[in-house]
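Undergrad: Sequence lines, in order, name chains L and B. Residues 1 to 171 in the working numbering are what the first sequence lists, from first letter to last. Residues 172 to 375 in the working numbering are what the second sequence lists, from first letter to last.
Worth flagging that the hints you see were computed from the coordinates, not collected in a lab. Be careful, since some hints might not be right.
Derived BS3-like pairs (lysine-lysine); straight-line CA-CA distance at most 30 Å [as the list claims (entries may be wrong)]:
hint : chain 1 : residue 1 : chain 2 : residue 2
1    : L       : Lys105    : B       : Lys295
2    : B       : Lys243    : B       : Lys324
3    : B       : Lys332    : B       : Lys295
4    : B       : Lys243    : L       : Lys131
5    : B       : Lys317    : L       : Lys131
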Amino acid sequence: MAGGRKTRHIHEENVGELNLVPYMDIVVNLILFLMISSTGFVHFGVINVSAPQIGSGEVQEQPEEPPLNLTIGISARGFYIEGTGGNLLTLGAQNDPNTPPSIAKTGDTYDYAALTKKLIDIKTLFHNETKVTIMGDRDILYEVVVKVMDASRQDGNEILFPDVLVSPGFA
Amino acid sequence: MAKELEEENIDSSVNQVVIESHGSDGAITQTHLRKLAKKQQRKARVPHGHEDELNIVALLDAFTIILVFLIKSYAADPAQITTSADLTLPVSVSQLNVVDAVPIVITRKAVLVNNNAVVRMTDKGIDPAEKTSNPLFIPRIHEALKAEADHQKLIARYNNKAKFEGLLLVVADKAIAFHTLTEILYTAGQAEFGNFKFAVLRND
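Chain L extracted, bound-state conformation (with noise of 0.2 Å):
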């Protein structure tokens, strides 16, 4: 009878104890699937863009200064820098080879770098403009519409025109 009780008590032990092992199994596949599928190995950004407002049917107040109306026009040959109004459009910068661009392509590649060392010209005229509209040949990438936003925007720590506006342009 003696060895019955002890028997029992060896058994109660043993029910109360709980097995952590499968509890450790899923809690490691989960922790490696979180790590994996981590958005954490691959950074995404945005950049702000704007579509052309056209009659807001408020009465604005007119600005102090005139505005700029920067704008970048993107073609196969290069960049086409126009302001102060001037309609890229009606010039057919584009099509018109006796028009060069205002910063040829380097090869076969887009001078990102002379872009924006002309805007930053263009800022120290124009100190509070902080708007610039993007237009483009059909058949631009979108890869270098983003340059293209990226070297108008900032210039290392100095901003140059952070308000992006995309308007369909070239024909």
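Fit chain B to the given chain L structure using the hints.
TA: For chain B alone, coordinates are given in the frame of chain L:
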């Protein structure tokens, strides 16, 4: 304590046996050896209920905290963007974080609004069958975005904190043509989405 006393008694009795088992000439007998072996076994026996196991409670504690942290950071991400062969985002120096907005994904094969495929893409852009007389307007995309806008306005009606801002998250492949982008932006503008966030890969 009782067990220790019991072992001491055993030891003393074994010692007594050892003394007694020595022959007149002091030689060690087999009985003596057997008893010594038993004594060693008793000493080597692990006390009842004690097992040399790895204590994983502390490790499990640390792992649970790490798991909770990862789940929290995973769930807090406002946009789940999955890149693939058909969707490679352009790289940018922009440091702005991704915000919660209606996503429109433009891959090389399709355009998706809120993870639902809406129109197909060809090598030259959006499938011409999807367009109307206005080359910039795409009806099915407009329909999908209008439904999203109406849904958000309905929510805003009952929740003052969730205002409709016309915010659209554009997740586009870097090889998409500019005309495709402008068509989608124009169509989105017609559906009352005027503020766009272009998703990019951060160049850290």
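Undergrad: Are there hints from earlier that the structure breaks, and if so, what are their numbers?
TA: Hints 3, 4 are the ones this structure does not satisfy, whereas the remaining hints hold.
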